[in-house]
Structures are given as structure tokens and as C-alpha cells.
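Colleague: Chains as they are written, first to last, in this note's numbering: chain U, 1 to 361; chain F, 1 to 361.
Honestly, the hints are just simulated from the structure, not real lab data. Hints are not guaranteed to be accurate.
List of simulated lysine-lysine pairs, BS3-like, C-alpha gap at most 25 Å [as the list claims (entries may be wrong)]: (1) K264/F <-> K138/F; (2) K123/U <-> K52/U; (3) K169/U <-> K157/U; (4) K112/F <-> K89/F; (5) K123/U <-> K112/U; (6) K114/F <-> K112/U; (7) K157/F <-> K186/U; (8) K145/U <-> K169/F; (9) K123/U <-> K123/F; (10) K169/U <-> K157/F; (11) K112/F <-> K114/U; (12) K181/U <-> K169/F.
Derived DEER-like restraints, expressed as beta-carbon distance ranges [what the hints assert, rightly or not]: (13) E349/F <-> E212/U: 23 to 31 Å; (14) K181/U <-> G183/F: 15 to 23 Å; (15) G68/F <-> D271/U: 29 to 37 Å.
Even for Gly, the Cβ is constructed at its ideal location relative to N, Cα and C.
Listed below, chain by chain, are the residues.
Number of protein chains: 2
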Amino acid sequence: MKDTIAAAGERIERIQSRLASLDVEGILFFDLTNIRYLVGFMGSAGILFIGKDSVILTVDGRYTTQAGRETRGCEIIESSDNIRGISAKISDSPLRSLGFEASAISFEDYSKLKEKTNFATLKPLSDELNSLRIIKTKGEIDLLKGATSIAADALQKTVEIIGPGTTEKNIALDLEFQMRKGGGEKPSFDTIVASGPNSALPHARPQSRSIERGDFVIIDYGAVYEGYHSDETCTFAVGRVTEEQKKIYNIVKDAHDRALDAVKAGIPCKDVDEVARGAIERAGYGQYFSHGTGHGVGLDVHEAPKLSRGSTDYLEEGMVVTVEPGIYIPDAYGIRIEDMALVGKDGCEILTRTSKDLRIL
Amino acid sequence: MKDTIAAAGERIERIQSRLASLDVEGILFFDLTNIRYLVGFMGSAGILFIGKDSVILTVDGRYTTQAGRETRGCEIIESSDNIRGISAKISDSPLRSLGFEASAISFEDYSKLKEKTNFATLKPLSDELNSLRIIKTKGEIDLLKGATSIAADALQKTVEIIGPGTTEKNIALDLEFQMRKGGGEKPSFDTIVASGPNSALPHARPQSRSIERGDFVIIDYGAVYEGYHSDETCTFAVGRVTEEQKKIYNIVKDAHDRALDAVKAGIPCKDVDEVARGAIERAGYGQYFSHGTGHGVGLDVHEAPKLSRGSTDYLEEGMVVTVEPGIYIPDAYGIRIEDMALVGKDGCEILTRTSKDLRIL
Numbered sequence: 001m002k003d004t005i006a007a008a009g010e011r012i013e014r015i016q017s018r019l020a021s022l023d024v025e026g027i028l029f030f031d032l033t034n035i036r037y038l039v040g041f042m043g044s045a046g047i048l049f050i051g052k053d054s055v056i057l058t059v060d061g062r063y064t065t066q067a068g069r070e071t072r073g074c075e076i077i078e079s080s081d082n083i084r085g086i087s088a089k090i091s092d093s094p095l096r097s098l099g100f101e102a103s104a105i106s107f108e109d110y111s112k113l114k115e116k117t118n119f120a121t122l123k124p125l126s127d128e129l130n131s132l133r134i135i136k137t138k139g140e141i142d143l144l145k146g147a148t149s150i151a152a153d154a155l156q157k158t159v160e161i162i163g164p165g166t167t168e169k170n171i172a173l174d175l176e177f178q179m180r181k182g183g184g185e186k187p188s189f190d191t192i193v194a195s196g197p198n199s200a201l202p203h204a205r206p207q208s209r210s211i212e213r214g215d216f217v218i219i220d221y222g223a224v225y226e227g228y229h230s231d232e233t234c235t236f237a238v239g240r241v242t243e244e245q246k247k248i249y250n251i252v253k254d255a256h257d258r259a260l261d262a263v264k265a266g267i268p269c270k271d272v273d274e275v276a277r278g279a280i281e282r283a284g285y286g287q288y289f290s291h292g293t294g295h296g297v298g299l300d301v302h303e304a305p306k307l308s309r310g311s312t313d314y315l316e317e318g319m320v321v322t323v324e325p326g327i328y329i330p331d332a333y334g335i336r337i338e339d340m341a342l343v344g345k346d347g348c349e350i351l352t353r354t355s356k357d358l359r360i361l
Numbered sequence: 001m002k003d004t005i006a007a008a009g010e011r012i013e014r015i016q017s018r019l020a021s022l023d024v025e026g027i028l029f030f031d032l033t034n035i036r037y038l039v040g041f042m043g044s045a046g047i048l049f050i051g052k053d054s055v056i057l058t059v060d061g062r063y064t065t066q067a068g069r070e071t072r073g074c075e076i077i078e079s080s081d082n083i084r085g086i087s088a089k090i091s092d093s094p095l096r097s098l099g100f101e102a103s104a105i106s107f108e109d110y111s112k113l114k115e116k117t118n119f120a121t122l123k124p125l126s127d128e129l130n131s132l133r134i135i136k137t138k139g140e141i142d143l144l145k146g147a148t149s150i151a152a153d154a155l156q157k158t159v160e161i162i163g164p165g166t167t168e169k170n171i172a173l174d175l176e177f178q179m180r181k182g183g184g185e186k187p188s189f190d191t192i193v194a195s196g197p198n199s200a201l202p203h204a205r206p207q208s209r210s211i212e213r214g215d216f217v218i219i220d221y222g223a224v225y226e227g228y229h230s231d232e233t234c235t236f237a238v239g240r241v242t243e244e245q246k247k248i249y250n251i252v253k254d255a256h257d258r259a260l261d262a263v264k265a266g267i268p269c270k271d272v273d274e275v276a277r278g279a280i281e282r283a284g285y286g287q288y289f290s291h292g293t294g295h296g297v298g299l300d301v302h303e304a305p306k307l308s309r310g311s312t313d314y315l316e317e318g319m320v321v322t323v324e325p326g327i328y329i330p331d332a333y334g335i336r337i338e339d340m341a342l343v344g345k346d347g348c349e350i351l352t353r354t355s356k357d358l359r360i361l
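All chains should be modelled from the sequences, with the hints used to inform the complete structure.
Modeller: Rendered as C-alpha cells:
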């Protein structure tokens, strides 16, 4: 997380400069990914307060030493109960108005926070903070490229073992092992390997099922590198492919290509979804494309913006998004094709590195 | 999840039989682990409603087919917005009083739910549901034993590569690979391998640091088997051990053994913590034991009850808990020793399988 430490000062100032317009005197952060982004702390529990003149991180005893090592420009306090600890600390110089990350605190914790901070008005912040990490810096893009490289190199090795008789579980295991060997911290999410009829489930878990000739195999996977996630889906054919399968593959591929062509700064995210969805609908398979077209990727594998029908976001230079249309025919087979793209002024740069042309293994 | 499917009917009835005493006509579940426990659904998004006469699961289009396959006795509805979908569905036969899992819904989603269910009074349920999965059935205990076996077999293999020159990262990678090869679905959590001074951080992430003679190496790890987690910590010495190291190891071991001896039905959880903490305090190292003594384990790696100073839980037959005292001397080294124990009427059965006597590799 060299990138975070270098950028921490700038990121905190960015929050501080927005306090007035959000009409709060400080903000409590509960989302651990945002906390990592803002101050560099990588533990599994903690609350961050950013006020006009103070930055305070509260952690429990497991993380006191670690927080001191990982963060800069941040006062660390230890408490066995983070909500109580941070509330007591900020009550030293009470605020009238305190913002909080409404999507990252449970209703239960909110109720407790409210009781402990009765000196302040609590103001839920949601959309206002959603875009916190949405624009990637040069350093972050390099880390995302590191992640996509590790993923591509691993898949190239794993492809060698895919064929009739290999199980979905073994493919997933090999791929995750190759990513770790290649420098990945861990998989971006539970690797999806779905073959034959299982591929008709968009989010299937790998089973003991053995691959058969004539199957499609969907592999949706990613590597984490220095905290940054890759996310990519390849659908391979095994042994042979029918005309029908080839036709449907190419419909998805066409939708994917058109959507990528549409990605550039200034475009509404829902338009990219509409391009992919329109292509699949015109081909007569609209009912089988049951999810959104894409999402942002970074320190989380799913983050803002959303590329879906209802999205109100606009693409901006420096966003990194997935484009991943699919067609899933229940009890038969499914196809999904996914790349990650860096949004530029006049188009996009594809960050994932495996070709999406139909490949028969 | 054969166990869940078999038990689903009984588990749902258990909830339904409690509705009256909780003074609600139905409960909304947001915790995906609880949803898996109650109806068998294993997807990454969904909301479950249990009413007197109805059980309804709402999922988005990615999971409709999967939910149909995985669940029984459960009406599945599809919605691109689960809160909107379930609210509309239950408004068909409006309830006056609707309970919800307060610890598993964000404040943001709660606000939305409140708006969409204005026909009902929302009643936050927290402690009332905390104990939902706290007592393990015979079937669940078998799955937990499956997980601890996979973990033990893997560690036995990985121990072979631990020695001067091996890096923390390589040990973690090998251990995770061995667990997967042995039938584990995935690691229970990010494997901790912390050597030398890093072992003084209770929750360190594996680094590129090479093991040196004279190091302690803390390995805190677990395997997931059919959804059930193991959790175990071994601290090994490498090459040689000083008298001081041996002394401190034995203090932790003694605290661990005494705490395990205290585990039986009817005992307050805080008493088990007190037994471990007292032993470490009496030896003069109380300030270096910076976390609780243990926690429940099951479908989540951390679940109820808590074995800590402030805990108000009591041990009951069929609970499975960890006992994991530690001493961490900043910038020098740390030791943690952890086993999982099944609470019985007159004592406990240790489910983890690796000896905790000091071992020099």
C-alpha cells in the first residue's frame, strides 16, 4: 500500500475540504476499505474520524501496534469497544453535526452510536461518499494492472489442465494456486468455474462435476495485488462447439465489444448497459441476460459506479469498470465475457489481458 | 449443505414458534449466513422473510435458478432490488409488526426499508437472534470435525517446509494449497503466518520475511468444509528456543489448558476468559494479552458466544468455542495457542487435532 501512504495526506484533505459543503464538522468512517484508502490501516476492525483539524483512528488491542506502523498523520486510540472509544474521544471537543457512513454501519451500531453521541446531530451520508474512491490515480492503475497481469499469467497456465475429465473444483484450485504463486495476495472473490449446465447459473460455485466434450466453461476470477482487485470472465468451449453455441457466444461477444466501444468520459453509465442489453435483446435473448453490465473495481471488487439500467452515474476519466454481459439458458448453458476498462477522454484502455475470441480447448 | 436442507424445516419452525414471544408477525433476515442456515441458499445477496404461514426468499436475477435448486419449502421471488421486492410482496398481506435483523442491515438500507414498509412497525432484533446458530447439531459437529481434520492434515504437510529461509508468504500459500487439496472449500479467513518480531502483532498478514533460527512462528488458520469453519493457532519455535521464550510459551500454554478445563455447560463465558487472563496476569504478563479468550465457530468463523471479559453469555451443551490466549511483546515476539472445543455437560471435547506442546522445528 505504498500508494495509500503517499496519497494519505491528499485524501484526508479532500475529505476535510468537503466538510463545510456537507454541513458537518466531522465524519465517522466505518467501511474498512475506505479507512484503508484514507489512512492505510489494513486491520479487520476500526473506526476513523476525520474532523477539520483532527484525524483519529480507534482500534482494539489486536491492532494498536499494527495501526501505528501502517498509518501516518493519524492519532491512534485503543478501545475494546470502538464505538464507545471514538464517541468518548470526540466528545472532548463536542461537535454539533457529525456525518457518518450510512451504508457501512449496521442499524444496531447506529443505535449505539446515537446514544453515545447525543451531543451531536447525526447526519447519514451515502451517495455523498460513494464516489470517494471512484477516480483512480496513476499509482492505483499500476496496481490494478499488476493484478490483471497476475490473473492473466495464472489463467494461461491453468488453461493447460482444462479438458474432459478435469473437475470444476480442480480448475478453481489450480487457478488460485497459480495466482498466489505469481504474487497475488488472494483471489478477488470465490473463483467461479461453471461447466455444462452449471454455466447457466451466473454465480455458481465450483462443483465436483467433470468437464465434458461440448461444454462451455465459464471462469470468472481475479487476483488481489497490494489490495487492488482484478475481475475478468472467460468462457471457453471444450472439444467442440455447435453452431447454436457459436451463435450465442458471438452475440455475447458482440454485446461486450459494443459496450466497450461505448465506454468513454462523459457517457451515462446506463447507456453502456443499454448498448450491451440492446444488442442481446435485438438478437432475441434479452430475457436470458439477468444482471447488470458492469461495476467499478479497485480496493473492492465491486465498487462505484454501477453500469446498469437504473444507474445515475456518469463515466469519468480515471474510473475503472467491468463490462460483462452474459446469456444464461436454464438447464442448458451460459456464456459471460468480462473485461476491465480504464475510462479515458476519448475511449477506454482494456486492462485485462486474455483474448475474448471464442477458444476451443 | 445436506445438513441444512435436512434441518431447514425444523429451523424455520423454531423461528415461527418464537414470533409471538418476540411480539412480531414476521422477521426479515439480511445476514446471508443465517439465511443459508435457515433455508440453504448460498448466494451472495438476498433477503429472507419468515412469517407465521409463509417463507419467502427474494433474490436478484443472478440467483433465481440457484435459489430454486438450493432451498426447500421456500417461495422464491426475483427482484433487481431486494428491499423493494420483499416489501412489495409482504404488503400483499400487511403485517402490523415486523422484526428485522438489526446487526445485519445497514442504516442506509434500514432507512429504505422503513419507507417501503410504512404499513408496519419495524422492530429491531439483535440479541434475540444472536443465539440462532449457537447450539450445534450432531450433523453440524460432524462438519466441524471434517474442517478440523482437513486443517490438521494440511498443517502436518506444511510443517515440513518451515525452517530458516522459508518466507511467511510461502508457508501461508502452502498451507492453503494443502487444505484445498485435502477437500477444504477455502481458508476460514486470511491465513496468519507471523514470524519473529511480526509475531508480536496478533493479526499480522504474511510478509516476505524469511524465517530465522530462534523465531517463533504463529500460524492461525482454518479450513471451510461444507460451509463450516475450523479455527486453530499453533506457535512453533524454529531451530532453538531461549529459556525466556520457553517460559512465556508455557505461561500461554498453561492459560490455554486451564481455560479448556473450565469449559463446560452452565459456566459463564466471562469466567473462561477470567481463567486464562488470570493465569497470564499472575505470571506478570497481563498487559500483553490484548484480546478476548475466544468465540463461537460454525458457519461463520466468528459467531456467538463471546468468551471475553464483558460477555454475558453462558456456555451450553452443543456450543463450539475457541480458546486462544496469547502474549505479545512488542518488537520482540508473540505466542498464541488456540483450540476449538465442543461444550459438553461435564467438560469439553477438543475438536482441533494438532498438539499444543512446544515444538521446535
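Colleague: Which of the stated hints cannot be reconciled with the structure, identified by number in ascending sequence?
Modeller: As far as the earlier hints go, only 13 is violated by this structure.
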